[in-house]
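Visitor: One letter stands for each residue in the lines below.
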Amino acid sequence: MKNTFIGTPMERREDLRFLRGRGEYVDDVAMPGLLYAVILRSSVAHGRLVSIDASAALKIPGVHAVITGRDMPGGPPIVPMRLQPLPEFKPFEQPVIAHDKVRYVGEPIAVVLATSVAIGEDALDVIDVKIDELPAVADWTVAQQNKSILFDKLGTNRSLVFESRKGDADAAFAKAPYVRRERLRTGRHYGLTMEPRGVMATWDDAKGKLTIYGAAKVPFFNRRILAAQINLPVEQIEMIENDVGGGYGARGEFYPEDFLIPFAARHVKRPVKWIEDRRENLMAMNHAREEEAILEVACERDGTLIAIRGDVHTDMGAYMRTNGAVGARNVCQFLPGPYRIPHVKIDSSLWMTNKTPVGTYRGPGRFEANFFLERMIDMIAEDLGIDRIEFRRKNLITAKEQPYKVATVQPTNAVDEYDSGDYPAALERALKEVNWPEVSKLQGKLIDGKYHGLGVVCFIEGGAAGPKETARIEANDDDTFSVYLGTTSVGQGVETVFAQIAADALEVPVDRIRHVYHGSTAYVSDGYGAYHSRSTVMGGSAVLDATNNFMAVLRQAAGKKLGCAESNITFDIDKVTAGDGRSLPLRTFAGLTAEGEFKNHKHTYSYGAHIAHVTVDARIGRIEIVDYVVVQDVGRAVNPLTLKGQVIGSLVQGLGGAVLEDLKYDENGQLLTGSLADYLLPIATDFPNLRCFVTDDHPSPINPLGAKGAGEGGIIAAGGCMANAVANALQSFGVQPRQLPLSPGYIWELVQAGQRKAAE
Amino acid sequence: MSTTFEVNGKQVTVDVEPRMTLADCLRHELRLTGTHVGCEHGVCGACTVLVNGEAVRSCLTLAVQAEGSQVTTVEGLSNDADLTPLQKSFRKHHALQCGFCTPGFITTAHALLTEEPDCDADRVREVLSGNICRCTGYIGIVEAVLDARQHYKK
Amino acid sequence: MKLPPFEYACPTSLNEAVALLVSHQGEAKPLAGGQSLMPMMAFRVAQPTLLVDLRKLNDLRGIRIGADGVRLGALVRWRDILDDKRLETAHPLLKAAISHVAHYQIRNRGTVGGSIAHADPAAEMPGICQACDAVISVIGKAGARQIKAKDFFQGALTTALEADEIVTEIHLPAWPATRRYDFQEFARRRGDFAMSGVALYYDLEGGKAANAHIGVIGVGDHARRLSKAEAVVNGNAVNEALAVKAGEAASAEVEPQDDIHASAAYRRSLTGTLVERALLAAMAR
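Chains as they are written, first to last, in this note's numbering: chain A, 1 to 760; chain B, 1 to 154; chain C, 1 to 285.
No wet-lab data here; the hints were simulated from the structure. Since this is a predicted model, take the numbers as computed values, not measurements. Where a beta carbon is used, it is the ideal one built from N, C-alpha and C, also for glycine. One thing to keep in mind: the hints can contain errors.
Said to hold, decoys possible - Coverage of chain B stretches by chain A, computed from C-beta distances (three or more under 8 Å per stretch; other residues unrestricted):
{"hint": "1", "stretch": "25-34"}
{"hint": "2", "stretch": "78-88"}
{"hint": "3", "stretch": "114-120"}
{"hint": "4", "stretch": "130-143"}
Please build the complete structure, drawing on both the sequences and the hints.
Guide: Right, dumping it as structure tokens:
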């Protein structure tokens with residue numbers, strides 16, 4: 001049978017357990033003899049750790065042990081970087097526990113092991129920690145002064161500068177007819193997950209084996225890190241992925257706790273479970289997005305873009321985390337976005353500050369880049385008297401220019417190109433969906449006390465990071481198949497999507513794929529994981545390879561059993577048949593398995609446009625969305641139902657970052673947003689009027705599925721779009737937002753400033 | 001302290017410290033892990049259960065306060081044989097992704113639809129504003145609840 | 001964020017409840033809905049040694065409406081107020097304000113007594129109490145007493161309650177059918193604490209406003225009436241020009257704070273805008 005499960009909006013298998021409350025997240029897993037770990041974290045942002053006195057804590061009944069860096073022979077191991085692991089970054093990597101200095105509020109200082117979490121928290125209150133405080137480095141401008149240095153021996157708070165280059169920007173600027181310079185910034189926020197993090201570890205002393213529950217995102221990589229830190233062969237560590245309550249880039253990287261908990265389990269020879277609470281999560285899960293850009297854009301008088309140059313400064317927090325450099329690298333490589341800018345010269349500095357360390361969050365560096373450039377485009381277009389839609393049409397990369405080379409980044413020698421696509425067509429589609437000729441008449445108009453504005457932006461989304469992914473197909477004893485993935489689930493629906501891919505490849509009904517197993521290290525020989533919107537492309541393509549390999553071993557085994565040539569064997573749904581008609585049911589071959597892989601060094605580029613129609617109550621700074629349209633081309637949609645879910649979900653996260661979410665620190669490095677009453681997440685009443693249109697007009701040429709990673713497109717353009725919409729609405733005040741989030745107070749201040757200026 | 005109450009139609013007696021929340025009691029003493037803990041300070045709604053038919057935040061309720069009450073969790077709103085109409089509607093409208101917030105939405109929606117089967121979209125959004133979802137962006141959830149109204153009308 | 005350890009009691013009479021509070025010499029706290037107290041304990045900023053659960057004190061439930069106004073038992077929940085159709089005419093301003101309180105699940109548990117005893121500067125109920133000259137009945141070891149709203153709310157999370165006192169009732173004076181009123185607040189999201197909120201009413205005497213009461217929440221350390229803004233309104237016909245003037249007076253009168261959600265300058269301006277808009281809305285009813 002020739003299947004078409006790929007492309008079908010199938011309902012998800014995962015839902016059957018999630019809807020009944022039968023998901024198994026790491027805190028749902030019980031274990032006899034469990035001790036609970038509670039982490040003592042620094043309440044000081046910067047200082048020398050002088051002493052830790054846990055004697056009072058150890059007297060509390062139920063407190064089993066208090067572990068510090070002194071319990072680690074040779075000192076606490078370091079967490080190495082996974083992406084862009086440059087030698088320059090090494091001195092800035094984080095020890096798994098503080099030992100001589102603390103560098104951010106939230107840094108682990110000690111681990112209490114107790115018979116309940118409540119008792120463990122009681123113990124935290126009586127552990128006496130002495131810290132000699134040092135001046136806090138509160139933001140990148142303070143870091144730049146190099147007066148208070150986080151890593152004393154290094155003499156600088158800047159860990160690296162990425163250089164993004166294309167063409168000859170200085171020469172281009174020298175003769176450009178028009179140059180616009182701006183300073184813009186995006187506020188600190190993060191990929192908060194509804195399920196906080198958790199790790200449970202058991203140590204089998206007899207076998208010398210560690211089993212870790214709660215793995216996510218990149219378990220194979222994390223296993224290698226842990227093995228090196230804890231001095232065990234990789235084969236003696238098993239990572240098990242339970243159900244995962246969201247990832248968004250933040251969960252699943254190797255954090256200090258990913259060493260501390262297994263270490264504790266082996267240290268006390270009892271199972272240990274740590275479940276992060278929300279107060280911790282705000283100060284311990286990777287932060288993101290805080291970047292400031294000082295940019296110049298050069299163009300012709302007719303709006304043709306010529307060059308972009310400038311500096312971007314990323315507030316990295318206190319340490320270089322496993323994937324901490326990605327945002328800073330992406331912002332300078334992809335600042336031009338989907339636009340044709342022949343000359344690029346951007347330096348991206350990474351500054352260490354006394355804040356929670358930074359990692360990736362959906363669309364890392366791309367959300368920021370989109371805000372920076374799209375704001376500048378609107379401002380330039382207005383200045384030159386050019387219609388901002390025309391400006392974009394003129395400068396969007398066209399289909400015949402694909403593949404399109406982007407700027408090269410050093411020192412990593414990152415060379416990249418966009419793969420395929422008709423970027424102007426996506427813009428036209430978005431304009432059509434909002435009925436641009438009609439709705440554009442409302443721009444800047446005051447109706448019923450509110451100003452109407454429209455934001456129009458375009459984006460690209462990079463996906464399918466390599467180098468490789470693996471999958472395995474196995475025949476079961478009931479004429480069905482199981483699929484095992486090296487990629488992981490963060491809630492996106494891999495069990496359904498991969499069943500569709502496997503069913504199509506094997507040409508069987510989708511219910512013949514009994515289950516799709518993901519994440520755990522026992523399932524495949526080596527895997528990579530879910531990040532950079534890669535699972536469908538990389539994992540899906542690996543599944544295709546695995547099914548090819550499986551069919552080969554099936555024909556070989558069947559040929560032997562049926563005593564005929566392999567080439568005479570056919571497989572149809574649940575049986576293999578020889579040329580003479582004799583057949584055997586699939587279950588005869590229960591246990592037969594084959595792996596597959598897909599190697600890839602190129603990225604896919606999904607793309608599209610956002611249009612927002614907002615109203616602004618200028619007197620109080622309140623924004624409401626009247627209509628918001630996203631158009632995104634994904635190359636090939638495997639499951640349109642889940643894909644739309646990714647676009648809308650990603651979009652609402654982006655709107656949160658555009659309007660609500662803001663991790664605030666004071667000048668002493670104290671985190672002021674310490675609860676969900678202060679860190680504001682989007683709720684159901686905030687953004688009700690959202691529409692998305694997913695197209696697959698331009699498959700990616702770089703993978704057999706033709707798919708493109710598409711989970712991040714919704715978030716990438718949300719900041720730029722909302723800011724442009726607000727500027728458009730408040731044009732009569734001359735308002736130009738230059739930072740995110742667009743809080744009511746900030747909008748009000750811009751209006752006030754505009755009114756004062758008009759009065760002069 | 002010993003406390004007796006009904007959970008999903010069955011009477012239970014637990015012996016817990018006063019400081020144990022109903023959420024933790026359900027999850028760890030009674031092994032009903034469908035109720036999830038997302039914040040422990042009464043904002044996210046993942047821990048929502050029904051107490052005497054009313055949706056409450058079980059992280060802000062002490063287990064001992066449940067004495068004599070009827071508590072319903074997501075497990076009590078489910079059966080093995082099939083998904084309920086509300087659950088089917090969630091599935092049809094792709095109203096969940098990672099599933100962590102989902103039990104809180106199911107209990108809250110069930111309470112709302114039981115009391116107000118004629119609620120409109122604004123009311124649905126207003127009631128659901130006490131539950132945070134980070135994955136879906138809410139559009140599918142609101143559609144699912146609206147579509148499920150037909151099954152609650154008399 | 002597990003709760004710190006405490007003892008727990010669930011008395012069956014008010015006298016028993018008071019005695020329990022006395023026995024822990026200021027370290028015990030009454031527990032009503034717990035929607036404000038539990039989060040504080042989860043963050044360990046409140047660590048009472050004893051919680052006195054009031055849930056068996058059924059005399060404290062009940063909304064009594066009579067000629068002298070509306071009497072809310074301390075354990076009346078937000079949902080009880082929203083469900084009580086009589087209040088649409090007996091006290092529409094109360095109803096309007098309470099519809100902004102928190103969220104669905106919280107409204108099923110949170111109580112009026114708990115809210116005013118907690119006295120968050122941005123909570124709606126203290127604003128209603130101040131705006132409407134409520135009288136609050138309490139009981140403690142020294143017996144029962146009545147406290148006027150303006151004496152009850154003293155500062156951020158600070159009231160006139162002694163450690164052994166429990167709120168028993170909130171009395172809102174009778175509400176004439178011809179009264180003009182409005183409630184306006186602006187919060188970051190639905191159900192969040194207001195960055196500023198206004199509860200106001202006035203009566204009409206010969207076409208002019210009289211007896212204006214303008215209460216503000218979310219600005220300064222506790223809800224309060226704005227007497228200067230009220231003075232601008234009293235004796236005048238309410239129209240757009242007056243609304244603007246009253247708004248400006250309110251802006252000048254408040255003493256706003258800076259916090260992570262809003263600056264003092266913004267709050268000042270917001271308050272003025274909300275007073276102006278609330279007056280216009282009240283006029284248009």
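Visitor: Compare the structure with each hint and give your call.
Guide: Verification of the hints:
Under a criterion of three residues with beta carbons nearer than 8 Å to beta carbons of chain A, the stated coverage of the stretch 25-34 of chain B is upheld, 5 such residues being counted. Taking a C-beta to C-beta cut-off of 8 Å, the stretch 78-88 of chain B contributes 3 residues in contact with chain A, enough for the three needed, and the coverage statement holds. With 0 residues having a Cβ less than 8 Å from any Cβ of chain A, the stretch 114-120 of chain B misses the three-residue criterion, and the hint is violated. Under the rule that three or more residues need a Cβ within less than 8 Å of chain A, the assignment of the stretch 130-143 of chain B holds, with 13 such residues.
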